Amino acid sequence: MTKNSNMSVLLKGLLLENPVFVLILGTCPTLATTTTLIGAIGMGLAATAVLICSNAVISLLRKVIPESVRIPCYIVIIAGFVTVVQMFIHAYLPTLYELLGVYLALITVNCIILGRAEMFASKNSVGKSVLDGIGMGLGFTLALVSIALIREVFGAGTFFGMEIPVLSNFKIEFLTKAPGGFLVYGIMIAAVSKITKGKAPYKKEFSCANCPSASFCGKQNCEERKGN
Amino acid sequence: MDSFKSLVVILLSSVLVNNYVLSRFLGICPFLGVSKKLNSASGMGLAVIFVMVMATAVTWPIQHYLLTPNGLGYMQTIVFILVIAALVQFTEMALKKFVPSLHKSLGVYLPLITTNCAVLGVTIDNINEHNFNFLQSIVNSLGCGLGFLLAMVLFSGMRSKIEESEIPESFKGLPATLIAASFVSLAFFGFAGIVDNLFA
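Chains as they are written, first to last, in numbering that gives the first Met the number 0: chain A, 0 to 227; chain B, 0 to 199.
These aren't lab readings, by the way, just hints derived from the structure by calculation.
Treat the numbers as computed from the prediction; the structure is a model and nothing was measured.
One or more of the hints may lead you astray.
Sample of chain B residues lacking proximity to chain A, with all beta carbon distances greater than 10 Å (derived) [claimed, not checked]:
1) 8
2) 23
3) 24
4) 98
5) 99
6) 124
7) 127
8) 128
9) 157
10) 173
11) 174
12) 185
13) 190
Residues from chain B that keep clear of chain A, each with C-beta distances beyond 12 Å, as calculated [stated by the list, open to error]:
14) 32
15) 48
16) 49
17) 74
18) 90
19) 93
20) 122
21) 135
22) 181
23) 193
Below, computed lysine to any residue pairings styled on SDA-like, alpha-carbon distance capped at 25 Å [to be verified]:
24) B:95 with A:193
25) A:176 with A:196
26) A:193 with B:163
27) B:36 with B:133
Here a beta-carbon is modelled for each residue, glycine too, at the ideal position from N, C-alpha and C.
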């Protein structure tokens, strides 16, 4: 498989460059919307839709947007698509709209979307950017669902809202609350770094070093990880 | 007196019970990234308080006097993020020009705050979630900012302990930090219910 083949662009988001577990982007929705599986899937797919559209448009405009004002331009494009998705969900899936609440609007400032715009879409062709959007979006969804699976099944004793016979008598309610979110996420990152040991690229070009808030947020974490 | 009481309740509940970082998961990136040293943690916290209050003071009138009367409520997200981005830029320029000493200590954190979801979150929450009036919104933003500062400062203390301890290989770095955050968040659980019964 050549390094930049379309398939690898698509697949790398799933595990090796998983935005949540490896690149550590978009932590806020990861922790906030994973108390239920429905919320996790809704959040994942909404963000995926925004990511695909914004990646495509930013890639189309990559030669038009001047370097110095690119971040505000990206934010406006992303905010536009977020509004579209928000209105769509409000109209057709009102219960999901209630469930996600303010986090839906906050997709705008999700570092995954801005990060991919900056790291990938601004440098690659439209086709590859769309594939990258699909891969990263699915990786994000997959990560959210795997965290939500643990938190909902063991925390609430339910599966998609249906009660699980034995587990619902022994539920660990702590997991559905805020501290449980931090705990499960921490353990999942550790597990993924164990599984992908040596394979996951903690290099600068893949890290969040290009994100606008990198100098404080992601880069530090990445350098920490590289140091280990 | 009643309105004063309600303001105190809003302030305390946004600082302690509904702490933005520890119970609502907003602003996790700076919380994990900048909390390594006490200096930078408190600097970032102060800058966030400042921007949150400013942003609320600007976005609340925009929503109630510009967007809602003209049926443009759906433009909320786009308008708010642009206003916050512009506001942060202007604040940085103004600080640089007029108060260089403050710019030196807070300035570096300001550009990061544009993409901090806690700021956008609090401006939207004030309007959509709580339906606060102007004064209540300002107090709520102040409380959220103070809560952010409190969480950052507490956590920076905890992190310096982690740095010195022996941790299994795959838990080093971020996983250990997140698990520590889980304990801090657990501690804040103790505040639940305190505010409801404060004036009962």
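Taking the hints in turn, this is what the structure says about them:
A cut-off of 10 Å between C-beta atoms confirms that residue 8 of chain B is not in contact with chain A; the least separation is 21 Å. A cut-off of 10 Å between C-beta atoms contradicts the statement that residue 23 of chain B is not in contact with chain A; the least separation is 7 Å. With a least beta-carbon separation of about 4 Å from chain A, residue 24 of chain B fails to lie farther than 10 Å from that chain, contradicting its non-interface assignment. Every C-beta of chain A lies more than 10 Å from that of residue 98 of chain B, the closest at about 22 Å, which supports listing it as non-interface.
With a least beta-carbon separation of about 21 Å from chain A, residue 99 of chain B lies farther than 10 Å from that chain, consistent with its non-interface assignment. At roughly 6 Å, the least C-beta separation between residue 124 of chain B and chain A is not larger than 10 Å, which violates its mark as non-interface. For residue 127 of chain B, the non-interface assignment is contradicted: its Cβ lies about 7 Å from the closest Cβ of chain A, within the 10 Å cut-off. A beta-carbon of chain A comes within 10 Å of the beta-carbon of residue 128 of chain B; the shortest separation is about 6 Å.
At the 10 Å boundary, the C-beta of residue 157 of chain B stays outside the reach of chain A, the nearest C-beta of that chain being 12 Å off. Interface exclusion of residue 173 of chain B from chain A breaks down, the closest Cβ pair being 5 Å apart, not more than 10 Å. Distance to chain A contradicts residue 174 of chain B as a non-interface residue, since its nearest Cβ pair spans about 4 Å, not more than 10 Å. For residue 185 of chain B, the shortest C-beta to C-beta distance to chain A comes to about 4 Å, within the 10 Å cut-off, and the non-interface label is violated.
At the 10 Å boundary, the C-beta of residue 190 of chain B stays outside the reach of chain A, the nearest C-beta of that chain being 12 Å off. Listed as a non-interface residue, residue 32 of chain B fails to keep its Cβ farther than 12 Å from every Cβ of chain A; the least gap is roughly 4 Å. Annotated as non-interface, residue 48 of chain B keeps its C-beta farther than 12 Å from every C-beta of chain A; the closest such distance is 17 Å. For residue 49 of chain B, the non-interface assignment is confirmed: its Cβ lies about 17 Å from the closest Cβ of chain A, beyond the 12 Å cut-off.
The beta carbon of residue 74 of chain B sits about 7 Å from the closest Cβ of chain A, which is not more than 12 Å, so the claim that it is off the interface is violated. Every CB of chain A lies more than 12 Å from the CB of residue 90 of chain B, the least distance being 16 Å, so the non-interface label holds. Every Cβ of chain A is farther than 12 Å from the Cβ of residue 93 of chain B; the closest lies at roughly 19 Å, confirming the non-interface assignment. Not every beta carbon of chain A lies more than 12 Å from that of residue 122 of chain B, the smallest distance being close to 10 Å; the non-interface claim is violated.
The beta carbon of residue 135 of chain B is kept farther than 12 Å from every beta carbon of chain A, the shortest such distance being approximately 17 Å. The beta carbon of residue 181 of chain B is not kept farther than 12 Å from every beta carbon of chain A, the shortest such distance being approximately 4 Å. Annotated as non-interface, residue 193 of chain B keeps its C-beta farther than 12 Å from every C-beta of chain A; the closest such distance is 16 Å. Taken as a hint, the residue 95 of chain B and residue 193 of chain A pair is broken in the structure, with Cα atoms around 46 Å apart against an allowance of 25 Å.
The straight-line distance between the Cα atoms of residue 176 of chain A and residue 196 of chain A is roughly 30 Å, outside the 25 Å bound, and the hint therefore fails. At most 25 Å may separate the alpha-carbon atoms for a hinted pair to count; residue 193 of chain A and residue 163 of chain B meet this at roughly 22 Å. In summary, the hint linking residue 36 of chain B to residue 133 of chain B is not supported, as the alpha carbons are separated by about 35 Å, beyond the 25 Å threshold.
When held up to the earlier numbered hints, the structure conflicts with 2, 3, 6, 7, 8, 10, 11, 12, 14, 17, 20, 22, 24, 25, 27 and fits the remainder.
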